[in-house]
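Peer 1: Construct the complete structure from the given sequences, taking the supplied hints into account.
Protein sequence lines correspond, in order, to chains V and S.
Using the numbering used here, you'd call the opening residue of the first sequence number 1 and step up by one each time.
Using the numbering used here, you'd call the opening residue of the second sequence number 1001 and step up by one each time.
Hints are computed from structural coordinates only; laboratory data are not their basis.
Where hints are given, some of them may not hold.
Stated by the list, open to error - Here chain V is said to cover these stretches of chain S; the calculated rule only asks that three of the stretch's residues, wherever they fall, bring their Cβ under 8 Å from a Cβ of chain V: (1) 1196-1206; (2) 1212-1225; (3) 1340-1350; (4) 1389-1395; (5) 1609-1620; (6) 1655-1663.
Even glycine gets a Cβ: it sits at the ideal position worked out from N, Cα and C.
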Amino acid sequence: MASLTITINGESRTITAAPETPLLWVLRDELGMVGTKFGCGIGQCGSCTVHLDGNAVRSCQLPVSALEGKKITTIEGLSEAGDHPVQVAWKEVDVPQCGYCQAGQIMTASAFLAQNPSPSSEEIRNAMHGNICRCASYNRIEKAVAQAAQNS
Amino acid sequence: MENNQKLTFSRRGFIKTSALAGGGMLIGFNLFQACKEAAQPPVDIASLNFNDFNAFIKISDDGYVTIFSPNPEIGQGVKTSMPMIIAEELDVPWEKVHVAQGILDTKNYQRQVAGGSQSIRFGWDALRQTGATAKQMLINAAAAQWGVDASTCSASQGVITNANGDSLHYGQVVNQAAGLEVPENVTLKETKDYTIIGTDTRNVDIDEIITGKPLFGLDYTAEGMVYASVMRPPAFGNALESFDDADARAVAGVIDVVSYDNKIAVLANNTWAAMQGKKALKAIWKADGTLESTADHDRILNEILDGNSFDTRREDGDVAAAFAAADEVVERTYESPFLPHNCMEPMNFYANVTADRIHLVGPIQTPAGTAARVAQLLDRNAEEVHLEMTRMGGGFGRRLYGDFVMDAAQISNLAQKPVKVVYSREDDMTAGIYRPAIKYRIAASLKDGEITGYHLKEAAINSNMYGLIPHFFPAGAISNYKVDTANYQSNITIGAWRAPYTNFLAFAEQTFFDEIAGKLGKDAVQMRLDLLENVKDNTDENIQYSGKRMQDTIRLAAEKGGWGNAPEGVYQGFSAYYSHNTHVAELAEVEIENGYPVVKRVTVAVDCGIVVNPLGAKNQIEGGVIDGIGHAMYGDFGFDNGRPTSNNYDTYRLIRMKETPQVDTYFVDNGLSPTGLGEPALPPAGAAIANAIHAATGQRLMKQPFVNDLEPAKMKEVIGFTVPLPGQMENC
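Peer 2: As structure tokens, then:
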């Protein structure tokens, strides 16, 4: 067990965890921030996606020991009022079915659009390919990402 | 059966109202079936329970309406669409409606199950009737206040008006209405007057979902709760001989280790520690039954199909005579693997077993049956079991089975702690409940350019097609018709998987007909329309699909998708299937890219009667079609000496964004009563794309997943999708 200080959604948080503990479980079980979801535990499904210094990463593959001095953003901190352009587009398009994977989808999309604000349709499909939606709301995810790009 | 315009109903004692202590009115009612004469609803909203009623509406004196949605939400949209039906007849603006998930106490309530795509179909009458009854009571209260006859008053958008031009909003009369007698008969709206039903309405939980609020079972926590990770036998046919938990107990955060029913559970103060503790367990397993492999199943199912031991589920005319007299008999065998459900939210449940109460919380499609099983398992009184449902991160049939609830209850009972059991993805994929592997052999006799006989044989693992499936198309369309089933009893656990049986049967049948159409030189769509003509005068009550409705649905898909008018380089495939009371037709388009066929677009026509929420309905259909394509194309799961051949997404492939076609949905507009949508778009998808692939390449696909047979070298490149390491994620 080690005591670590990490920055999450702009706040400095001190946590006690084994250094190899993935950020995902620290967020969910230690900090009670359950918006970031567990899907596969091997970085294949994207449900646990968060931003690490602005890049979309899989929090299930990210040991907390690697995070000192880094900035983490989770779905809870993406916007103050749930009005990030990607969230707004998600709502306008009414993307979710079960909704479980959507936080990860939104975090992938928002990091992608920050780096590529005017993507082509093919770039959107490439960017979102790593996130599984078992309900297969893929048509709407694609549409919402395009709409978010237009709106922002 | 198909008549929607039944304008008056008798309440038959299933609606009761009470005045709420703080003002307002509470209406309790029973969906799906009129049950015993019920008690009064509580006057205190905090004491809501679902013993006497399974649904409640609260009308507050500020005019706002809260609808306690009774059915579990697994992503099928009923938490939005069912309240829309109430709000329509209550005639209240949707902006003034708040929808809350009813916390379900499992004693005595009726149908609180998500399964079989039946929530809307069964709830349609009761939901409308309840809304209309409440509206009439509000009108009656206003009429009494004005001293006029209620028949001279009307209500719209939450406001009651009379002939003199006076108006009162619902909140102003709700306290008086609560004291009135419930009217015996009410009049329902005509379809043309709907203002909420038929309008695009967003998922009522959308704000919580997009901001990551705790909604799901996995998000639930309670005071003192610990986490458990369960090790199960690695193979079907294994049992636990012994285990050593010293290393597991040494993992930081691990609290306890308990064992039951050939399983070992590691308890810890966080999920990660519990999972690490499980990995540190040393268990020795022994044989306890046969260790089956996919090769065994393949051989056994073929032997069944080649044999003569079948149970006949439907027989019309004389198939043998038709075959004997045929110009040609065409016989094909279609094969499908086991499939895991793979809900994105892995199985999990909370249990707190104490001396006086068993508290269960989590995602489950069958709360009542599961609560009863827990009581039986722990030899406790059913009255002591309290089960609450959460939103579910997917179901697909998997959460009909309460095995993970039994785990939670057992572990909490043994450890005497509140416990959350969390399956890893590997647990979720290997611990069982699978769609069974099935083979269909279909033979048809052709004579003088027509199909004269049809014989379907099913060989499945552990169970067979059920209910009315043997009476689906082409029953009634071909005069000599026979359906035979048989199964092999395996120790691999199977269960319902989205659109059970039809998820593969539809592929077999609809690709078979495509091939027959080719042999007869007929247009694949016209041949289906011609066959359906034979069912138009059907009087067999087992045949519930409608020849006319299916024809209309097929024509709509063909017209909207441009059947027969594909541009150069675009290849079309057609499929149509009735299941879960809904008629669906799909036209798939395939193009060749880099040498292999790619599905680019699917045009879907659906007859589900009145579409309550088109926005949600289209989401179900898009998802169902893509899910159907994904599993037909990639879903591959088998066993090697009892062990599942894959256990996570590095070895098991689900459809992803780049493999997804555009899905365009059209509804047949006929004003008939609504039917379900959670499942019926899936079954036709596999044949639609297989038939389009045949049109593109000449290859007939008869075995799922297609990826194993289709241009193997090129298709498999896509599997090699690798996940970037942290920091390399910019473009995924």
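Peer 1: Run every hint past the structure and note whether it holds.
Peer 2: Cross-check of the supplied hints:
{"no.": "1", "hint": "1196-1206", "result": "holds (count 5)"}
{"no.": "2", "hint": "1212-1225", "result": "holds (count 8)"}
{"no.": "3", "hint": "1340-1350", "result": "holds (count 5)"}
{"no.": "4", "hint": "1389-1395", "result": "holds (count 5)"}
{"no.": "5", "hint": "1609-1620", "result": "holds (count 4)"}
{"no.": "6", "hint": "1655-1663", "result": "holds (count 7)"}
Figure legend: structure checked against the earlier numbered hints; every hint is met.
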